[in-house]
Amino acid sequence: MAENARALLERIRALPLHGPVRVMNVCGGHERTIAMAGLRRALPPEIELIAGPGCPVCVCPEEDVHAAIALALRPGVILAAFGDMLRVPANGARSEPRSLEEARAAGGEVRPIASPREAVALARAEPGREVVFFAAGFETTTAPIAAMIAEGVPGNLSILLAARRTWPAVAMLLESEEAGFEALIAPGHVSAVMGPEEWRFVPQQYGIAAAVSGFETEGFLAGLHAVLRQRLEGRAVLDNCYGTVVRPGGNPTARRLLEECFDIVDADWRGIGIIPRSGFALKPELERLDAVRRFGIDREAARKRAGEMPPGCDCARVVLGKIHPEQCVLYGKACTPRTPVGPCMVSDEGACRIRWGERQGADA
Amino acid sequence: MCLGVPMRVVERDGFVARCEVNGIERSVSLFLMQHEPVEPGDHVMVHVGYAIQKMSQEEAERVWETLDAVFAAEDAADG
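Protein chains in written order, with numbering that gives the first Met the number 0: chain A, 0 to 363; chain B, 0 to 78.
Note that these hints are calculated values from the structure, not bench results.
It is possible that some hints are incorrect.
[Stated by the list, open to error] Covered stretches of chain A (chain B as the covering partner; in silico rule of three or more C-beta atoms under 8 Å from a C-beta of chain B):
id: 1; stretch: 131-144
id: 2; stretch: 170-183
id: 3; stretch: 210-224
id: 4; stretch: 264-277
[As the list claims (entries may be wrong)] Covered, in the sense of this in silico footprint (three residues per stretch, anywhere, with C-beta under 8 Å from a C-beta of chain A), are these stretches of chain B:
id: 5; stretch: 2-14
id: 6; stretch: 31-37
id: 7; stretch: 44-50
id: 8; stretch: 57-67
Ideal Cβ placement from N, Cα and C applies to all residues, glycine included.
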């Protein structure tokens, strides 16, 4: 840990906390920093760090995973997806592929990609085939998808979109009977794109201390110190602890392109249900890019079971920060990174996957 | 996939820049940076192949330090 981070840790330890404080983060990047720096062990026991809804892969609806599997198995179609999506499990008969990885083993054409630009390059390189880009992500990924669309995509590229907004999930938690946290570390890169103002409702409407933080240890600790100090001073505001990256209004080009390409819609979060105004959908004039429409995917069968996590899996409550990963009965037993049962153990952004790394690091 | 990586701009050609980190070069889109000039030597936060914001060199260095530790820890956990 760098000197500045150590100094911040000492300042946090010296704060006269009078009782327990639960601090939620909503980003896999923050959770990884907590795990890597061993902050749960290093911080005073009064401070409980909770991983909230910070993994777009984990909440990608099952019907979309089923649609992606069906498309991958279609002759002449290449299914491109971020690598994290390949092992995400969907419920189904054992005789049928239940993940993109299984679809690939069954002869489907599945390509892991790391950028929307790779989807475009793939479509250009394969003009005789249809390329479907299965895109799950939060605002930080959705803005690049908007850029991809605005720059122009080849006629043989379409999109299966599972894009979500972050703040409505936090708003839903705060509206519920038991939000489960007293302070929020808001996501730095979502704020870099959308502007920190999106998070002002947290202190203003709910009296919850909040700070936008970067992902380095020092940045996270600066945010943590800011929210704890707010609590001690009996006030709630939104502090910006991510300097030059997060600016008022966010990234104006990104916000303009998002508005041009997408409508804001109510959207399903796997295991959680519909969250109002939490999803992006292609504008009607961009319908030609919608893979569901282009291929006439029938989602009714999948929709009947939509929202379900695998049997016995507590990922939904993990995503909402209601329980820690190790409180799920499957965690570390039936469900490990080598044999994941739920999406939170599959994705690099998943709380279970990250906590597993933290534990292994502690044991080492 | 959600990992943002700071990179240094080496060269730009229209909306595409050659960027570098740790001696590794990547092609990065500047399409989301139309609201402000990006020049060689600038540092940008890169997310899924797109620069999403400019940042100071000091901030870039702080993030690199954390990322190095993250990757080392993940290698240890996966190994």
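Results of checking the hints against the structure:
1. Coverage of the stretch 131-144 of chain A by chain B holds in this model, with 6 residues showing a Cβ closer than 8 Å to a Cβ of that chain against a need of three.
2. As drawn, the stretch 170-183 of chain A meets chain B at 0 residues by the rule of a beta-carbon pair under 8 Å; below three, the given contact is violated.
3. Counting residues of the stretch 210-224 of chain A whose CB lies closer than 8 Å to any CB of chain B gives 6, which reaches the minimum of 3, so the coverage claim holds.
4. Counting residues of the stretch 264-277 of chain A whose beta-carbon sits less than 8 Å from any beta-carbon of chain B gives 0, not enough to reach three: the coverage restraint is violated.
5. With 3 residues having a beta carbon nearer than 8 Å to a beta carbon of chain A, the stretch 2-14 of chain B meets the requirement of three or more and the stated coverage holds.
6. Figure legend: the stretch 31-37 of chain B, annotated as covered by chain A; annotation consistent (4 residues with Cβ-Cβ distances under 8 Å, at least 3 required).
7. Counting residues of the stretch 44-50 of chain B whose CB falls under 8 Å from any CB of chain A gives 5; the rule of at least 3 is met.
8. As drawn, the stretch 57-67 of chain B meets chain A at 5 residues by the rule of a beta-carbon pair under 8 Å; at three or more, the given contact holds.
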